[in-house]
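Asks: Chain by chain, the residues:
2 protein chains.
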Amino acid sequence: MTIPADFQDLVDRPLIAALGTVRPDNSAQVNPMWFDLVGDEIAFTHTNFRAKFRNLQKNPSMSLLLVDPDDGYRYLELRGELSRIEDDPTGAFYVHLGKRYGFDDQQPPPDAKDRVILYMRIDKATGH
Amino acid sequence: MTIPADFQDLVDRPLIAALGTVRPDNSAQVNPMWFDLVGDEIAFTHTNFRAKFRNLQKNPSMSLLLVDPDDGYRYLELRGELSRIEDDPTGAFYVHLGKRYGFDDQQPPPDAKDRVILYMRIDKATGH
Numbered sequence: 002m003t004i005p006a007d008f009q010d011l012v013d014r015p016l017i018a019a020l021g022t023v024r025p026d027n028s029a030q031v032n033p034m035w036f037d038l039v040g041d042e043i044a045f046t047h048t049n050f051r052a053k054f055r056n057l058q059k060n061p062s063m064s065l066l067l068v069d070p071d072d073g074y075r076y077l078e079l080r081g082e083l084s085r086i087e088d089d090p091t092g093a094f095y096v097h098l099g100k101r102y103g104f105d106d107q108q109p110p111p112d113a114k115d116r117v118i119l120y121m122r123i124d125k126a127t128g129h
Numbered sequence: 002m003t004i005p006a007d008f009q010d011l012v013d014r015p016l017i018a019a020l021g022t023v024r025p026d027n028s029a030q031v032n033p034m035w036f037d038l039v040g041d042e043i044a045f046t047h048t049n050f051r052a053k054f055r056n057l058q059k060n061p062s063m064s065l066l067l068v069d070p071d072d073g074y075r076y077l078e079l080r081g082e083l084s085r086i087e088d089d090p091t092g093a094f095y096v097h098l099g100k101r102y103g104f105d106d107q108q109p110p111p112d113a114k115d116r117v118i119l120y121m122r123i124d125k126a127t128g129h
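Residue numbers (this note's numbering), protein chains in the order written: chain A, 2 to 129; chain B, 2 to 129.
Mixed in with the good hints, there may be bad ones.
In the BS3-like style, the derived pairs of lysine-lysine whose C-alpha atoms are separated by at most 25 angstroms in a straight line are [as the list claims (entries may be wrong)]:
| id | chain 1 | residue 1 | chain 2 | residue 2 |
| --- | --- | --- | --- | --- |
| 1 | B | K53 | A | K59 |
| 2 | A | K53 | A | K114 |
| 3 | B | K100 | A | K53 |
It should be emphasised that the hints constitute simulated quantities derived from the structure, not laboratory data.
Bound-form chain A, shown alone:
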């Protein structure tokens, strides 16, 4: 699934994305997330013990909303699923994201040993 060309900028820019997941009790959750496009997947940094990680182990569904900060009525919705999880024990991907988001001196987080990279497969991309 490709990103519509006229909304590619929303993926390229370091925006705070709103990630929707479903809790084990089938209630909705939305969290602000750093992200980057890696190949044709969206990648997030996370730890392997937080609630969202457990949510995704039970229900892999992910929905991502990217709103243009310069025009709140222009946005991109990505729907998909958690496709894979990679360990990031040095926090290298966390550092990559930190730098993407403007923290030039980003250091690995204290919880680096528990860091993972969550990859979201994009099944549907809709720009408005």
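On the provided structure of chain A, position chain B as indicated by the hints.
Replies: Quick look at chain B alone, frame taken from chain A:
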């Protein structure tokens, strides 16, 4: 449930909120939404035939994310449920929201006869 006082401004400001809901197939959905605080509930304008309305009829869970546009690392998460639905057949609440969001000449929408007001009961409010 009250809003933490030091995050009240995020509810008072006309921000585009990210509303998370759960689809009938238990997948996640996130949509950008106008909102207002009415009493101690969050109110949205919607139509009675869109997908999100059907989602909420099956699973009333709602999660709302409000991110400070001036500081993407400051945000408020509201969790709760659809508490009630009111008809808005003249689109009056839609007009109210439009004006709140800066459209001084907001007119009722063409689909006014199908407009409803969705009320979200806030069960948990967490500021970061």
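Asks: Determine for every hint whether it applies to the structure shown.
Replies: The hints, checked one at a time:
1. K53/B to K59/A: holds (23 angstroms)
2. K53/A to K114/A: Measuring from Cα to Cα gives roughly 18 angstroms; hence the hint holds.
3. K100/B to K53/A: violated (36 angstroms)
Figure legend: structure checked against the earlier numbered hints; the only hint not met is number 3.
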